[in-house]
Amino acid sequence: MSISGALSSALQGLRAASVGSEVVATNLSNALTPGYGVRALNLSSDATSTNGGVRIDGISRQVNLSLVNDKRLADAGQAHSNAIVDIYTKIENLLGTPDNPASLSARVADLETSLITAASRPDAPERLAAAVSSAKSLAAGFGAASDGIQAARTDADSTIALHVTQLNKALKQVKALNTQITKSQVQNNNSTALLDQRQRLIDEISVIVPVRTMARDNGQVAIYSLAGATLLDGRAAEIGFERSAIVTPYLSKENGTLSGLTINGIEVRTGSVTGALPSGLMAAQFAIRDEITVEAQSELDALARDLIERFQTPSVDPSLGIGEGGLLTDDDQPFIAANELGLAARISVNSALDPDRGGEVWRLRDGIGAVSPGDVGDARLLNAFSSALASGRSAVSGLFSGGSYSAIALTGTVAAHFGTGRQDAERSLSFNAAQANELTERLLGEGVDSDQELQKLLTIEQVFAANARMIQAVDEMMQTLLRI
Amino acid sequence: MNATSIGDLAQSFLLRHRNTALKQDMARLTQELATGQVADTRQALAGNYSYLTELERNLDVLAGYKTSLTEAGIFAANTQTALARFQDVGADLANSLVVSGGSTVGAQANDIAAEARTALSVLVGTLNTRSAGRALFGGTATDRSPLASANVLLSDLKNAVSGATTPDEMFASATAWFDDPAGFDAVIYQGAAKTLSPVRLSDSESAALDTTATEPRLKEMLKFASLAALADDPSLGFDALQQSDVFLTAGTSLLGARDNLTALRSRIGFVEAQIDRATVRNTTELTSTGFERDALLSVDPYEAATRLEEVQFQLQSLYSVTARMSQLSLVNFL
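Sequence lines, in order, name chains A and B. Read in order, the letters of the first sequence correspond to residues 757 to 1240 in the working numbering. Read in order, the letters of the second sequence correspond to residues 5 to 338 in the working numbering.
Since the hints were made in silico from the structure, they are not lab data. From a predicted model like this one, the values you see are computed outputs, not experimental measurements. For each residue, glycine too, the CB sits at the ideal point set by N, CA and C. Any given hint could be a false lead.
To be verified - Covered stretches of chain A, going by a simulated chain B footprint (3 or more residues, C-beta under 8 Å): (1) 872-879; (2) 1128-1136.
Stated by the list, open to error - Each pair of labels, with its calculated beta carbon distance range: (3) B:D280 to A:N1095: 44 to 52 Å; (4) A:P857 to B:S206: 22 to 30 Å; (5) B:R20 to A:N838: 16 to 24 Å; (6) A:L1155 to B:R20: 39 to 47 Å; (7) A:G1079 to B:N82: 39 to 47 Å; (8) A:T789 to B:E313: 37 to 45 Å; (9) B:L18 to A:R1225: 38 to 46 Å.
Produce the entire structure from the sequences given, and follow the hints as far as they go.
And the structure:
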């Protein structure tokens, strides 16, 4: 009978309205949740019944996938640039800006000044001691900078290990979610909350290693890195990395003492130019560990070498034999070209000069190799040391080899090189940040609009009231029939 | 972009973002206004540190040269004073030798010789002067007196001229002894053979203060003064006529030596002037480098204050907009 048809349609309508209000409630409660896909109720007219009525097709999740993908890549780019800016800022701090009295260039200027005042009164032991102490402070500055750089390298290495653990865990979780989603979709259950969770997990993965996703059957998803490596397709890949407890200048990826990255046991190239990781946090950490800090260390070593070689020659200090250590030494040994790696950590003042190590300060005036003090008023060697620092000399190694620089000019140029590096990194950070901000804003714009939800709620209330009235009317009609 | 709805979070994200940016700007501008210097020096230098490094280094090194110049100035002034005294004592002795040496009265010969001996010890003492603990005329051996005492000089010279029978022979052998590297230079001169290395006045200039007690013009005066002191020595056995001969020759030669000393003194004077000029240049350079360094990192206070006002206004507008927009929700009307 059509009255029962009307009743059943009204009941279906009621049910649709209640599910609608449930959807509105879910949306409103998740208005502040980032990464939440707005739920929508899908209704269609019921084709299976002869009485009409409404059929709830399901609750769908509305998300703009291309926007999500773009935002993932932009976030990865921003994280990458951020890490690069941080390391350059750190290196700049270690070398010191020129207005900082603890910077390397200020220490070199301090040495020059103390040699000048010592040459003015070579008979004053306190002036000679002050000059030796300036030289020691310069060597200490190099040591501190080198230690800082290697500490940054060790940090990068342990951060990579952390990211790899996170990545492996997240991939396994996505795989588990894939299975659950398929199960619930096959059973026609609501899988939207699981989809939210999976999207968030893939967002996290993408900050570390930018990824592309491909839809697979039954709601599953496959994840590929931007360069095409399979991270998850049915099975989760196993990312491998060996952490080093401490990183020193002598360890590097090239000589095999630092670990690279493996996916399922296969080596992956990690260089910033030719590698398989174009962006993201992990790529930044590899760039830091294998390229940026290595360059910083080698520039510091080249600078230390230039300073040592200025003094390690009999033409400056006649009391030295060929190949004997001069004013500055490689850990109290004469410097040999083959030992340049890590020199910045080992540069030190010759122990023959250092009163703390059994030396005498008058050797600064009379020669490193002098056996006994000479004439106290002799400023020749002190002047020669001053000229050695101030004269233009062609550095043998490093980025600035070939040009003629005084000691202070070379120090300033090396520091400026890293200052410029930081400028470049900051420029690319501001670009990436602007892009990420723009995409975030647009994606958030796709989120819950509480005004719209409330408008829907008004309509749902009306529909619920109408359907309830319908049921009441049908009931009255049936009562009328039964009273017959 | 969805045509029917805009998420709530989008607007609040934008407002929060702007709020943070404006607050950062305000903090930076407040610091710049308070200190007068750019807050982020690295941005201002745009990674190019070479210029600032050079300025800072010049400031340090110029301060070092200032000390060096002051000390060199004192050294040169004391050298000049010592040479002036040397010259005056020598001139006085020359006058009294010429005046009273010409008389043939024998009883006065002892007095004149005694006067010469006194003058000689003053001359030697002058050459042994120290300035701030450094011997002026000893070369690089600034810790010891350059000349032995006048008595040692006289006794060694006496040995050197012992065989002379006439004043001319005495003068000849004395000259030989003073010029001989194994004579005066080896025995009486106790300073170093190396002269003081040129004093550095700036990165490009140096001044030579290299007068030692072995300077021939100084030795001349010492020679004639000591010869006048030895004239009455019994071992030589000169008679009164020969003694007055010695006095007269010594006196006139001393006058000549005094004139030679003027040339030496003018050379020291030139060095003094050089040091003065370098001091003035150094002070000027110090001041102007300081100004340049400040100019590189300074901020115009008017501009900073204006921009701070702007940012404050923007922040206030943002606050009122945020407050108003939070009222605009359908919830308030249901």
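Hints, one by one, checked against the model:
Under a criterion of three residues with beta carbons nearer than 8 Å to beta carbons of chain B, the stated coverage of the region 872-879 of chain A is upheld, 6 such residues being counted. Counting residues of the region 1128-1136 of chain A whose beta carbon lies closer than 8 Å to any beta carbon of chain B gives 7, which reaches the threshold of three, so the coverage claim holds. The hint said 44 to 52 Å for the Cβ distance between B:D280 and A:N1095, and at roughly 50 Å that hint holds. Remark: the range hint 22 to 30 Å for A:P857 to B:S206 is upheld by a beta-carbon distance near 23 Å.
The hinted range of 16 to 24 Å is satisfied by B:R20 and A:N838, whose Cβ atoms lie roughly 19 Å apart. Taking 39 to 47 Å as the suggested C-beta distance range, the pair A:L1155 and B:R20 conforms, at roughly 43 Å. The beta-carbon spacing between A:G1079 and B:N82, approximately 44 Å, falls within the hinted interval of 39 to 47 Å. Separated by about 40 Å at the C-beta atoms, A:T789 and B:E313 satisfy the suggested range of 37 to 45 Å.
Restraint check, B:L18 to A:R1225: a C-beta distance of roughly 44 Å satisfies the suggested window 38 to 46 Å.
Hint compliance for this structure: every hint is met.
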